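Those sequence lines, one after another, are chains W and B. My numbering applies: residue 1 is where the first sequence begins, and numbers increase by one. My numbering applies: residue 1 is where the second sequence begins, and numbers increase by one.
Hints in this document: simulated from the structure, not taken from any laboratory. Misleading hints may appear alongside valid ones.
[Said to hold, decoys possible] Derived BS3-like pairs (lysine-lysine); straight-line CA-CA distance at most 30 Å:
{"id": "1", "chain 1": "B", "residue 1": "Lys70", "chain 2": "B", "residue 2": "Lys11"}
{"id": "2", "chain 1": "W", "residue 1": "Lys73", "chain 2": "B", "residue 2": "Lys53"}
{"id": "3", "chain 1": "B", "residue 1": "Lys11", "chain 2": "B", "residue 2": "Lys57"}
{"id": "4", "chain 1": "W", "residue 1": "Lys73", "chain 2": "W", "residue 2": "Lys3"}
{"id": "5", "chain 1": "W", "residue 1": "Lys3", "chain 2": "B", "residue 2": "Lys57"}
{"id": "6", "chain 1": "B", "residue 1": "Lys53", "chain 2": "B", "residue 2": "Lys11"}
[Said to hold, decoys possible] Cβ-Cβ distance ranges computed for the label pairs, FRET-style:
{"id": "7", "chain 1": "W", "residue 1": "Gln100", "chain 2": "B", "residue 2": "Thr26", "range": "16 to 26 Å"}
{"id": "8", "chain 1": "B", "residue 1": "Gly16", "chain 2": "W", "residue 2": "Pro117", "range": "47 to 57 Å"}
{"id": "9", "chain 1": "W", "residue 1": "Lys16", "chain 2": "B", "residue 2": "Gly16", "range": "19 to 29 Å"}
{"id": "10", "chain 1": "W", "residue 1": "Thr60", "chain 2": "B", "residue 2": "Ser84", "range": "38 to 48 Å"}
{"id": "11", "chain 1": "B", "residue 1": "His41", "chain 2": "W", "residue 2": "Glu61", "range": "21 to 31 Å"}
{"id": "12", "chain 1": "W", "residue 1": "Gln14", "chain 2": "B", "residue 2": "Gly40", "range": "25 to 35 Å"}
{"id": "13", "chain 1": "W", "residue 1": "Pro9", "chain 2": "B", "residue 2": "Arg107", "range": "33 to 43 Å"}
{"id": "14", "chain 1": "W", "residue 1": "Tyr64", "chain 2": "B", "residue 2": "Pro104", "range": "20 to 30 Å"}
{"id": "15", "chain 1": "W", "residue 1": "Pro117", "chain 2": "B", "residue 2": "Ser84", "range": "18 to 28 Å"}
{"id": "16", "chain 1": "W", "residue 1": "Lys3", "chain 2": "B", "residue 2": "Pro39", "range": "41 to 51 Å"}
{"id": "17", "chain 1": "W", "residue 1": "Tyr54", "chain 2": "B", "residue 2": "Thr26", "range": "43 to 53 Å"}
{"id": "18", "chain 1": "W", "residue 1": "Asn58", "chain 2": "B", "residue 2": "Ser7", "range": "21 to 31 Å"}
{"id": "19", "chain 1": "W", "residue 1": "Gly43", "chain 2": "B", "residue 2": "Gly16", "range": "43 to 53 Å"}
{"id": "20", "chain 1": "B", "residue 1": "Arg107", "chain 2": "W", "residue 2": "Asn116", "range": "21 to 31 Å"}
Here the structure is a predicted model, which means the values were calculated and not measured. Note that CB positions come from ideal geometry on N, CA and C, so glycine has one too.
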Amino acid sequence: AQKITQTQPGMFVQEKEAVTLDCTYDTSDPSYGLFWYKQPSSGEMIFLIYQGSYDQQNATEGRYSLNFQKARKSANLVISASQLGDSAMYFCAMRENRNQGAQKLVFGQGTRLTINP
Amino acid sequence: DAGITQSPRHKVTETGTPVTLRCHQTENHRYMYWYRQDPGHGLRLIHYSYGVKDTDKGEVSDGYSVSRSKTEDFLLTLESATSSQTSVYFCAIRVAAYEQYFGPGTRLTVT
């Protein structure tokens, strides 16, 4: 079974600093994908970034980048130049293939990030 | 905006009563999902659908049933609500090869 581990329950960072949120995963599937979602205090789940297991380069989306280290089975999220609005819960997730092309997401427990002014 | 809504957004109900949550999408995506979110567990899959009348169980499906009679609607039913089903429920749709977008969530409290 696939598993996602986020070992940092909470992190506190000064505004404008870069921050790395850790995510390790476990799977026996050769083809998989990793996601990061942001959940602000308002509760919605916001898709941030996706990395496929066969992608040659690390994914980037604006200030977000995914540091993908396949041999270590890690998929850390890096946020550059943090902003107060980045304060939220962050979830790492992995897709697991199901029937008829459906894909389940397996989530970690999340990391609560707080940006201090 | 992936065009996904959930109703109701908040509900308080009593133990033993039936409850139905609705997920509606406007873009005819094939795959739809129901997750629940509880403290310390992240999100966990309840049921999913891969087409009209085609559904299957997720990892926490006990006590829940689903129906999808048309592409745009995916219903989650708690036949007899229990306090352990107090949670936030998210519907999701798959909008691309791998991307899942989530609805705004429904906060359900069972007293």
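If you test the structure against every hint from before, which numbers come out violated? When the structure is compared with the hints, numbers 2, 9, 13, 15, 16, 17, 18, 19 turn out to be violated.
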